[in-house]
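S.K.: Listed below, chain by chain, are the residues.
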Amino acid sequence: GIQVEQSPPDLILQEGANSTLRCNFSDSVNNLQWFHQNPWGQLINLFYIPSGTKQNGRLSATTVATERYSLLYISSSQTTDSGVYFCAVGSGNTGKLIFGQGTTLQVKP
Amino acid sequence: GAVVSQHPSWVICKSGTSVKIECRSLDFQATTMFWYRQFPKQSLMLMATSNEGSKATYEQGVEKDKFLINHASLTLSTLTVTSAHPEDSSFYICSAHLHTEAFFGQGTRLTVV
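Protein chains in written order, with our numbering: chain A, 41 to 149; chain B, 995 to 1107.
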């Protein structure tokens, strides 16, 4: 099956700093999503981005499908950005998602 | 975006009892829903695919007799953890797709004592 690797596993930032999270995957995908899991466990949809670039406020994402990686950019980080960021990928028509191990982000005031 | 609602948010049960968790798509219909499990500080692992009107499909290593799934309508899937034991304590979370994008419920934290 598809392998998904996220880096870095942990990241500590000072408020206001920028960061880049990476997601590498081992095979072709037709679904790639980024999620933020809040402290209560809720998965918040950030981007549906199997290819291309999208931006939403301080967050943006780029997926280069031919090179099998995706990047999530967080600019001007805030303490509320803290939590775990997951990349999840899918292929075929099953709808199943395979999750990476996540990046735990801590933003300090 | 689409809304998926899960109930209850948390439950504590005694060892040997059964617990039912509901997953509803509130503003769209879903012929397929998915159930995931997450242990503390770990990632989400797919347990099973819930299919409306037919049997669920379980991932390798998931006991279908322990984790009963019923997809009774286009907006409701239920997961029943039967004869729960402390090792079943975990965070269970469901998802449904609107078009090709997955949306997740709030999750259910199950503690078996």
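Note that these hints are calculated values from the structure, not bench results. Among these hints, one or two may not hold up.
Unchecked claim - Listed next, with one range per pair, are the computed distances between beta-carbon atoms:
id	chain 1	residue 1	chain 2	residue 2	range
1	A	Gln95	B	Leu1062	36 to 46 Å
2	A	Ala57	B	Leu1062	40 to 50 Å
3	B	Leu1092	A	Thr106	41 to 51 Å
4	B	Gly1047	A	Ser116	24 to 34 Å
5	A	Tyr109	B	Glu1053	38 to 48 Å
6	B	Ser1067	A	Ile84	35 to 45 Å
7	A	Gly56	B	Lys1008	42 to 52 Å
Cβ coordinates follow ideal geometry from the N, Cα and C atoms, glycine included.
S.K.: With reference to the structure, classify each hint as holding or not holding.
M.R.: Taking the hints in turn, this is what the structure says about them:
1. A:Gln95 x B:Leu1062: 36 to 46 Å: At roughly 43 Å between Cβ atoms, leucine 1062 of chain B and glutamine 95 of chain A fall inside 36 to 46 Å, so the hint holds.
2. A:Ala57 x B:Leu1062: 40 to 50 Å: With Cβ atoms ~47 Å apart, the hint holds.
3. B:Leu1092 x A:Thr106: 41 to 51 Å: Distance hint for leucine 1092 of chain B, threonine 106 of chain A is violated at roughly 27 Å.
4. B:Gly1047 x A:Ser116: 24 to 34 Å: violated, 48 Å
5. A:Tyr109 x B:Glu1053: 38 to 48 Å: violated, 26 Å
6. B:Ser1067 x A:Ile84: 35 to 45 Å: violated, 26 Å
7. A:Gly56 x B:Lys1008: 42 to 52 Å: holds, 49 Å
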